[in-house]
Structures are given as structure tokens and as C-alpha cells.
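Chains as they are written, first to last, in this note's numbering: chain A, 1 to 340; chain B, 1 to 340.
Since the hints were made in silico from the structure, they are not lab data.
Check each hint, because a few of them may be wrong.
In this list, chains with the same sequence are indistinguishable; a pair is considered to hold if it fits within one copy or across any two.
Listed below are the simulated DSS-like cross-link pairs for lysine-lysine, each with C-alpha atoms no more than 27 Å apart in a straight line [as the list claims (entries may be wrong)]: (1) K195 <-> K33; (2) K244 <-> K217; (3) K203 <-> K217; (4) K124 <-> K27; (5) K292 <-> K109.
None of these values were measured; they are calculated from a predicted model.
Protein chains: 2
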Amino acid sequence: MSKVTEIERFFYGNVTIPQFDHITANKAIDLQKQLTKPVGSLGKLEEIAIWMAGWQKKIKPTIKNPYCLIFAGNHGISNKGVSAYPSEVTSQMVENFKKGGAAINQLCKLAKIKLMVIPIDLDKPTMDFSECKAMSEDEVLSFMQLGFDSIPSSCDLLVLGEMGISNTTSATSISCALFNEPVDLMTGIGTGIDKIQLANKIKIIDKALRLHGKKFKDPVSILSCYGGKEIAAIAGSVISARMKSIPVLLDGFITTAAASTLIRFKEDILDHCLVSHLSAEPGHVRILNNLKKEPILDLNLRLGEGSGAAIASLILKAALTTHNGMSTFDNAKVSKQISS
Amino acid sequence: MSKVTEIERFFYGNVTIPQFDHITANKAIDLQKQLTKPVGSLGKLEEIAIWMAGWQKKIKPTIKNPYCLIFAGNHGISNKGVSAYPSEVTSQMVENFKKGGAAINQLCKLAKIKLMVIPIDLDKPTMDFSECKAMSEDEVLSFMQLGFDSIPSSCDLLVLGEMGISNTTSATSISCALFNEPVDLMTGIGTGIDKIQLANKIKIIDKALRLHGKKFKDPVSILSCYGGKEIAAIAGSVISARMKSIPVLLDGFITTAAASTLIRFKEDILDHCLVSHLSAEPGHVRILNNLKKEPILDLNLRLGEGSGAAIASLILKAALTTHNGMSTFDNAKVSKQISS
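Next comes chain A alone, as it looks inside the complex:
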């Protein structure tokens, strides 16, 4: 009998899932009230600091060991002309990440994030999911476990990204199934296809949704149908972060879709995740409306790689540096609000 993995134990065992620590968060709220500024005047920065406090269980949360993990995978469906780029670009970009030439390398350097690139069997794409299942459920579990195992124990902020030519097709199909959203409104240009290619992409996704359906009771079966390997690994890493109470910054459309599969297991399973930015992919806003999550940034990005999440980590740092570093009214001898 093979060993039971953490992912199997998570789904099929009876594990206790760490929750937001309201006691610490309330202490962080008290701290905010003493800082030399009108209460609430730092808006979302205050919310973020308090949210980080609750997840890190520290009144003064920190970002000292942020990691960006980029999972990369290839997709059989790329043979159907759904992307503007050939599938060899996945491995070429992985090389680019390793050599330091991609957008995410510059952004990680700026934000002092350690970058880990995890290519998953790039020479073995998933099956074309418009014809059959992308992969078996056992494969899904193994890639989720790979994602689960990839989080360094010292990590205090997880920045998640991905690379995989044609993976917006996968993510769009997943999102249409999960949230029962219309394909034409969910499908975007990805890396930059034209109108004719977009019509084809919509047709392919439609076909896949007719083949596999939209009703799924668990994350594993939906990922088995629509793929991909990197998407399963992202979902596994989100679980891992939750089990360790590590706050997560989801990047854009793909990463959010990957994490969203987990709500089929438990509705509040993404409470430890923030959405970094609103992607230019039209499906993203629809996923976020379903998840009731607001993006931190809106910069019209559609690159992936974790780029938006790396940028959003700077906003988190702004939140923590003010929360942790400001003087109090008493210390600074600043008069408090006049009571009216």
C-alpha cells in the first residue's frame, strides 16, 4: 500500500484547517487606532495589515521571507491553435526565468522576493482536453502534492505565478464550469490572439465543456478534466500555505482560477489569499465577483508569471511598514481628534 500524501489527508482525512486569528487581528486594530493618522485614513493598507496580523498570528506581521513560486506546464490543447505563441515558449520562458531576463525576475529583485521556478514535465503536455480528460485524478493528486511540497518552511508570504502556453484556455474552462459563467464573456485574448483565433478558442472551450460538463463536486475531478499540471500544483501550494497559515498573493486570471477549484472542497478555503490585481482577461472580474474578492491593483496586466502578485507585495510592504513603524499619538505628542 502506498503512503498517504498530505494532499490525500487534506481531502479525505479529518485535518484541522487553520483559521484567521481574530484575537491577534483585534490587537492589530487597537494598534492602528494609536498611530499618528486619522483612523481609517490609510484605507486598504490598514485592512491588509490587520489581515496579515490575523494570518501570521503576529500583531506586527512581517514580510522577511517572501517567495515567488512559478509553476510551469504544457497543454495538449495548444495544438488547437488557442494561443498566439507556440508551446515551446513555455520551456524557453523557463530558461529565461532561470537566466533572469523575464519581467518576474526584475520585479522579484525590486520587491526582494526569492524566486523559485518549478517546471513540471514540460516535454509531457497534458492531453487535449477538448478530446478527452487532460489527465487522471491520480496525476492531479501528484501535481497538487508537488505544489504542496514546494513551499519553503521559512516563507512568510507566498507569491504565486505560472507559465504555460495555452493555459488561459484551461483556466477559462475551469472557471466556466465552476461558476456556470457564459463562455463568450469569460474568454479573452490570453497572450494576444486576434478575433478569428478568439472565435476558435471559444469554440474549443465550448466543445470541452459539452464533453466534460460543468458539475463537479471536488477540485480533483475538475482539474482532471481541464488540466493543467501547473494549475493543479498551484492549487496544492494554496492548500500547503493554508495549513501553515502563510498569507498568499494570487496573481491574475490563471492563478485565481487554479485556487478557485478548491472552493468545491470548502467554501472559505481561500480566506488566506488576496487577489493581487484585476487582470485584463475578461473572465477575471467574473471569478472575483463569484469569490467576493477585491483585487489590490488594477494595472491592466495580462502577463502571468506572478508579475502582478510581485507588484502587489510592494503594497503589502507599504501596509506593514506603516503599521509597524509609525509613532503613536502619545509618543509623538500629537493632539488627538476633537470630540464633537
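Put chain B on the given structure of chain A with help from the hints.
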């Protein structure tokens, strides 16, 4: 006869105003096309990098010497109960800035911005502009010149902020006059007044607008009526940056209102300025609609001090680090887009 100041020469002389350099910007656009990412996939970051290139006249623009200037002033109108804080808080916060305890200190440290605090005669507030003019036109010119003179010559990005108890009342009056907007929709809670105080603030602004009117042909006369000293200095520093082709990050409501006065002199005078964030003050979005400017961030901030602008400088850095540091398709041996 007294010496003619730069501000006087700017308004009344025949100076050549530096313009956006389209030749350099076009070269920056060409560079963007070669970087290892789909063209346009970095959205606003690409626009910002190209904009910076055009203003700095460098294909690869830089942020090596960013300065945050906080101008501080006191307002006679604070006697009318328009703020949640007593006017001594202006000088107390200036002390806090100097000691490093305020939000802007932490944010400048994070973003590696040099902070300069410029208090302007804090013991001499402007006159109560609901009763008479806030100050003379000569005073306005002198405070504009002070702002003009405050920009270090090495500065390559100007981050502008302010401190002044009751200055949302000044900024709201200015904006209502400039853009003929309704007082009740423009007026907000500032540092955090309650509903009764807000009704009083609206009444005071209404009274001032009836006293001074809304029709002004030049920035100096509008600032003379509604103040304040720090607002005039901000306007002067925006002129100075323009004359030196230094890109400017305006902070929130007050800073944008201060800069907006200059459009009464020349419609395109704020082309070298970006708006950092959308303030929680309800008037800000209305000013931005009039200026046809989009904020970079929307974090529900309403602190001032340059806090939003310091945060937005991180987004500018993200724009430049990708623009300047990424590999090209040729260098990284990444396949280009499939032509359809």
C-alpha cells in the same frame, strides 16, 4: 524695482515650456516591443515607462533621486470648526515628520525616497477665507516661488505631499470654483468629521464661494481667495518640475487641487504629472474626470502627506525595472508570436 522671480517670468514673461519628447518615447515603445512578453501584457506599466521616457528624455528612464516634498501651512478657516483636529496638529505633525514617526517616513524609507519637509510660517495662518481673501496675490506669488525653489536639481521624480489642518476646505473651494462642481458632492470628511460637522463645512464653503465667486482667469487670483500657503507652494513646485522636465507624482485630493489651479494658465500644464491614487475624498474623482486623468492606485487613502504618491512610486519603479531590465526575444532565444 524688485527682481523678477521665476514664477513671475513663467506667468508674465514669454518662457518656453518643455514638452513631452515624442522621439524618445517612440524609441521606448520600440524597446517594449522587443521584450520577452506579449506586447501590451504589462498594461499600465508599459504606459508609465514610455511616459517617463518622454519626460526624462531617456529611452531607459530612471528613478535614482526621487524626492518627496511635504509643504505645510495653516489655515485661518480652521477656526470655523471644519476639521476633526485642532490647527496645532499641523506643527505637531511637522515635528513627527522630522522625527521619522509619520506614515510618509515609513513609506519613503520603503521606496528609498528622500523626504523634505517645508513648513511655511505655521504661526501665521492665512486669513479666514469665508470672511475675506486668504492672502494677497503677492503672497501667493512668494509661496509659489518658495515651492519653485524647493526642487533639488538632481531630482528625477518629484513626489508631492502636504500637511495642513483644514486644507480640504481650501482644496474643495478651489475645485468647486475651478470646475464649477456642486459643493455638496465635492465636500468630504477630510481627517474624519461627523455628519453635523460636514454640514457645517459645506455651509462654510458655500459662503466662501458666494463671497469670492467661481470665475477666475489665473491661478494666482484663485489661490489668493481660497489659500493656502502650502497649496500655492505645491503649484509652484509643479511649475518648477515642468520647467526642468521632471515627472511628478501628485498625491491625493489637496495636491491634485493645488496643481489644477495651473490649468487656468495653460490647459496642458499638468502633462508631466501623474495622479498617484484615487482619494477617498469624494471631490477627487470629480477633479480627475475634469482633468481627464486616471489614478494609478485606488486604495481608499485619505491621509495626504504624499503617502499615496510614495506608494505609487513603487509602481513606477516596477514599470522601469521591467522596461530597463528585461531580455529581448532575440537575446533570450524565445520564439516570437505566431502570425495568424
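K124 and K27: within-copy, between-copy, both or neither at 27 Å Cα:
neither (50 Å within a copy, 40 Å between copies)
With 27 Å as the alpha-carbon cut-off, assign the pair K292 and K109 to within, between, both or neither.
For K292 and K109, neither the intra-copy (31 Å) nor the inter-copy (34 Å) Cα distance is at most 27 Å.
From the Cα coordinates, with 27 Å as the cut-off, is the pair K195 and K33 best called within, between, both, or neither?
Classified as between; 21 Å across copies, 52 Å inside a copy.
Status of K217 relative to K203 across identical chains (alpha carbons, at most 27 Å)
within (25 Å within a copy, 59 Å between copies)
Alpha-carbon proximity context of K244 and K217, limit 27 Å
within (25 Å within a copy, 62 Å between copies)
In summary, the numbered hints that this structure violates are 4, 5.
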